[in-house]
Each structure stands twice: as structure tokens, then as C-alpha cells.
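> Sequence:
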Amino acid sequence: MQLKEQWIREGFSSYYVVDKEQKLTYEKNILRCHTLRCLLPCEFRLQDEKEYYYYETGIYTTLKERINMIDPKLFFAYLIESFEETESYLLNLDHLKLEMELLFLDKEDHPVLCYLPEYEKNILDQFRDFLEECIEVISVEDKKKVRFYYEFYSFLVKEKPNIEQMRDYLEIRPKEKAGKEQSKKETMPETAQEEQKCEPEIYEDYGKNYESKENIVRKRLWKICYGILCTAGFGGTIYSIIQIFKYGFYYLFLIGCLCSFGAVGLGVYGFYKLWRNKQNKNLNVDSYKKIQDHTTLLDEKTTLLEDNEKTVLLMEQPIGRLIPENHELSEIVISDNGFIIGSSAEGTDYQIEGTGISRRHLKFYKEEEKVCCEDLNSTNGVKINGRKISKCLLYDGDRIKIGLEEFLFKEE
Numbered sequence: 001m002q003l004k005e006q007w008i009r010e011g012f013s014s015y016y017v018v019d020k021e022q023k024l025t026y027e028k029n030i031l032r033c034h035t036l037r038c039l040l041p042c043e044f045r046l047q048d049e050k051e052y053y054y055y056e057t058g059i060y061t062t063l064k065e066r067i068n069m070i071d072p073k074l075f076f077a078y079l080i081e082s083f084e085e086t087e088s089y090l091l092n093l094d095h096l097k098l099e100m101e102l103l104f105l106d107k108e109d110h111p112v113l114c115y116l117p118e119y120e121k122n123i124l125d126q127f128r129d130f131l132e133e134c135i136e137v138i139s140v141e142d143k144k145k146v147r148f149y150y151e152f153y154s155f156l157v158k159e160k161p162n163i164e165q166m167r168d169y170l171e172i173r174p175k176e177k178a179g180k181e182q183s184k185k186e187t188m189p190e191t192a193q194e195e196q197k198c199e200p201e202i203y204e205d206y207g208k209n210y211e212s213k214e215n216i217v218r219k220r221l222w223k224i225c226y227g228i229l230c231t232a233g234f235g236g237t238i239y240s241i242i243q244i245f246k247y248g249f250y251y252l253f254l255i256g257c258l259c260s261f262g263a264v265g266l267g268v269y270g271f272y273k274l275w276r277n278k279q280n281k282n283l284n285v286d287s288y289k290k291i292q293d294h295t296t297l298l299d300e301k302t303t304l305l306e307d308n309e310k311t312v313l314l315m316e317q318p319i320g321r322l323i324p325e326n327h328e329l330s331e332i333v334i335s336d337n338g339f340i341i342g343s344s345a346e347g348t349d350y351q352i353e354g355t356g357i358s359r360r361h362l363k364f365y366k367e368e369e370k371v372c373c374e375d376l377n378s379t380n381g382v383k384i385n386g387r388k389i390s391k392c393l394l395y396d397g398d399r400i401k402i403g404l405e406e407f408l409f410k411e412e
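My numbering applies: residue 1 is where the sequence shown begins, and numbers increase by one.
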């Protein structure tokens, strides 16, 4: 289907504009008022008795600008998660327009896609075509990234995988593994401990390698500019002060002195910003290490039994359990304070995939020795005994609804 499309700039905002059919559907209603992070914001406008989609693109960075700076494996993992998040709203993935020009990145390098109801093409075919576009524009300097793109493309062409198989290829944690994670800690503690020790090292290596050559060159250029600014400003200040002592407070010398002071201040501020950015980056890595060290300390407490001289692993006492109404799901053990459940494999303690479940849906924690539940601004909310809540104290036997799944809470 040939669509009439155009790019428009209004002030500081940019828009991708496409003709809209008059018929109003469920998908168009969702598109008009959605809060999905993975889809471009859209509004409907009427001009010359015709309706148009206006997709706001100016607040994002194009993928083409950043493609050589991002980790491709992580990017495609985020892209698969975006597909799943879109499907959770019962939207047809074939209406996504997966093209290099229409794929954007937010501040955290998560993909933002264009959902166009009038457009339809098989998402798996689009995915292969999109990967071809990526291969054409990537830099050949990083051999590791180039190898990943070609191997992934070969996998798509030969295997013709579905979304689930692509997720497995990219090593995104599946639903079954999330449910068995706690039992694995009990049966194979040594393996779990080794994995936890490896995680900070992987994260640190990623942090070091992530910065591209372009960023390094850009930072050096800024340092040179700020250095020249400081030197020129300092020299101008000295010269102006000498002239004032010689000839008195002539207005040109005063203006020169003030401008020089300003140049020095601007240069110093620039150096300060570069230093702060570096400190913030180091702080993120250090914070991640501290969190992992704290987790390791909780999981690795041991005691020696004098009679048999056996070492026993002391696990943190669970604060409750969630027993599912759906027998296909496994029982969830709320193993620690601050336990988070959601559909994402990252940033959660337990992953549940299903319709209406947000990436980070709800959190369990203890307050004055009592178990509490808090909704983490999820799209469809959390219901306790049929009542929608934002924060609630839990009692034994309460029924908790997460998306379409219902659980019975048992306090430990």
C-alpha cells in the first residue's frame, strides 16, 4: 500500500505526517492516547477536510546517528521487548513500520517505533529487511559488532525464526527460567554465586567499551576549546588590567576586562561539566557493583555444623508466596524485601509474561513487620480483592490481580 507521507518542522518540533482514513478503530484509539514508551507519540489533525497522523519525532534521536555507538545485541533485545510490549495492548505487529528512517532512540537508547494502522507488512519480513539496512550503514571498524550483525542476519535467513526464537538467540531470559530461578539458587548455589561475581565485571567491561571513538574525539575537541577560551580570557584580563593601570579606567579596557572574565568563567564551567559527566558515569558502575556486592553478602552467609562439618547456605527468609489460579503458572516465592514483578527480564525479581502486565508492574516490601504491595505506575494497575490500589497492606488470603492473572497471597 502506497502511503502519502511527509516530514514537517514546526518551531522546535519535527513531525512525520501520513494520511489517515476516516474509519475509527480500536488501534487508532490506542494510538491517540497511549503511554507506551516504545511507540512514537501521535495526534490526529484535520486540514482541508482531510485527517492526518502527526507523529512527533523531534524529541528523539534517530537510530542512524547512534547505530555505531550502541551495543547491537542489547539494542535488538530491547527491540524484541518493544514488540512484546506492543502486543500486550493487543496491537498487530504487522502495522509497525520498521525502517531505519522511522526508528528512533530515547535517552536510554531504547527503541521507539512508528505504529501506522494503514500500513501492513509481515513483521518478520520487515525485521530481515531492517537488518539489511543496518548492515549497509554500520561502521566496519568494530569487527565484533559487524560479526554479530552478519551472524544474526544469517540466523534470520536460514532459520526463519519467530519472536520467541529470536528472544532465545539474543539470550533474553524466558518465562520458565524466571520461575525456576529461586529453586536453582537452592540446588546449585555455587553456580549462582559465580554468575553474580561475573556480572559486575561484564557491566564494567561494557561501560568501558561502550564509549565510541567519535565521543572520545568530541570530548578532546571540547577540552581544547575550553583550554583556548581559558587561556585567551586569562591573557585578556591581564592585558586589560595593565592598560587600566597605565591609562586609567577607560571604558574599552573595562569592557575588555569583563569579557575576559566571562571567557575564563565559561571555560572553567565547561571543564567542570566534562568532569561531572565523567564522575556520573563512574558512579553508575560503582552503584551497580555495590548492589551486586550487597546481594552476594545476603546469599553467601554460611555456618559450619560441628557434628558433620557440613556447610549450609543461609537464604534470606521469604516474606510471602503468590499461588496462581492458573495452574500453568508456577508459585511465586517473594524472597526478599523490595521484590518486583513485571514482564521485563531486566530490573525485576520475577518475570511474568502476559496481556496487560507492564515491564515493572508491582513491588512487595515490608513495613513495620507487615507485607505491603505497591503499584509501580503500571498501565492496567493492580487489584486487591477486586479493588484497584496504588499502595496497600496485605493479609493472608488476599487475592491479587496482575494483568489477567490472579494470585492468592499467603503470608510466611
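The hints are simulated quantities; they were obtained by calculation from the structure and are not laboratory data. Note that the structure is predicted; figures quoted are calculated from it, not measured. All C-beta atoms, glycine included, are put in the ideal place defined by N, C-alpha and C. There could be a bad hint or two in this list.
Said to hold, decoys possible - Below, a list of computed lysine-lysine pairs in the PhoX-like style, where the Cα atoms sit at most 25 Å apart:
| id | residue 1 | residue 2 |
| --- | --- | --- |
| 1 | Lys50 | Lys4 |
| 2 | Lys158 | Lys219 |
| 3 | Lys143 | Lys23 |
| 4 | Lys219 | Lys160 |
| 5 | Lys401 | Lys383 |
| 6 | Lys4 | Lys73 |
Claimed, not checked - Label pairs and their calculated CB-CB ranges:
| id | residue 1 | residue 2 | range |
| --- | --- | --- | --- |
| 7 | Glu49 | Cys259 | 20 to 30 Å |
| 8 | His327 | Ser154 | 54 to 64 Å |
| 9 | Glu325 | Gln6 | 27 to 37 Å |
| 10 | Val157 | Asp94 | 11 to 21 Å |
| 11 | Lys366 | Glu21 | 31 to 41 Å |
| 12 | Ile228 | Glu21 | 50 to 60 Å |
| 13 | Gly58 | Glu21 | 18 to 28 Å |
| 14 | Glu328 | Phe155 | 50 to 60 Å |
| 15 | Trp7 | Lys158 | 33 to 43 Å |
| 16 | Lys4 | Asn122 | 15 to 25 Å |
| 17 | Asn122 | His327 | 29 to 39 Å |
| 18 | Glu141 | Asn385 | 21 to 31 Å |
> Take the hints in turn and mark each one as holding or not.
Hints versus structure:
1. Restraint check: the Cα-Cα separation between Lys50 and Lys4 comes to about 12 Å, which is no more than 25 Å; the hinted pair holds.
2. A hinted pair counts as satisfied when its Cα atoms are at most 25 Å apart, and Lys158 with Lys219 does not qualify at roughly 43 Å.
3. About 49 Å separates the Cα atoms of Lys143 and Lys23, which puts this hinted pair outside 25 Å; it is violated.
4. Straight-line distance between C-alpha atoms of Lys219 and Lys160 comes to about 43 Å, which puts the hinted pair past the 25 Å bound.
5. For the hint pairing Lys401 with Lys383, the CA-to-CA distance comes to about 5 Å; that is within 25 Å, so the pair holds.
6. A hinted pair counts as satisfied when its Cα atoms are at most 25 Å apart, and Lys4 with Lys73 does not qualify at roughly 34 Å.
7. Between Glu49 and Cys259, the C-beta spacing of about 57 Å breaks the proposed range 20 to 30 Å.
8. A C-beta distance of roughly 40 Å is found between His327 and Ser154, which places it outside the suggested range of 54 to 64 Å.
9. Against the hinted window of 27 to 37 Å, the Cβ-Cβ separation of Glu325 and Gln6 comes to about 50 Å, which falls outside the hint.
10. Here the CB-CB span from Val157 to Asp94 is close to 20 Å, well matched to the stated 11 to 21 Å.
11. The given range of 31 to 41 Å is broken by Lys366 and Glu21, whose C-beta atoms sit roughly 53 Å from each other.
12. Ile228 and Glu21 have their C-beta atoms about 57 Å apart, which keeps the hinted 50 to 60 Å range intact.
13. Roughly 26 Å separates the CB atoms of Gly58 and Glu21, a value that falls within the hinted 18 to 28 Å.
14. Evaluation of the 50 to 60 Å hint for Glu328 and Phe155 yields a failure: the beta carbon distance comes to about 29 Å.
15. A beta carbon spacing of about 37 Å between Trp7 and Lys158 agrees with the range 33 to 43 Å that was offered as a hint.
16. Take Lys4 and Asn122: their Cβ atoms lie about 23 Å apart, and the range 15 to 25 Å holds.
17. A C-beta distance of roughly 34 Å is found between Asn122 and His327, which places it inside the suggested range of 29 to 39 Å.
18. Take Glu141 and Asn385: their Cβ atoms lie about 59 Å apart, and the range 21 to 31 Å is violated.
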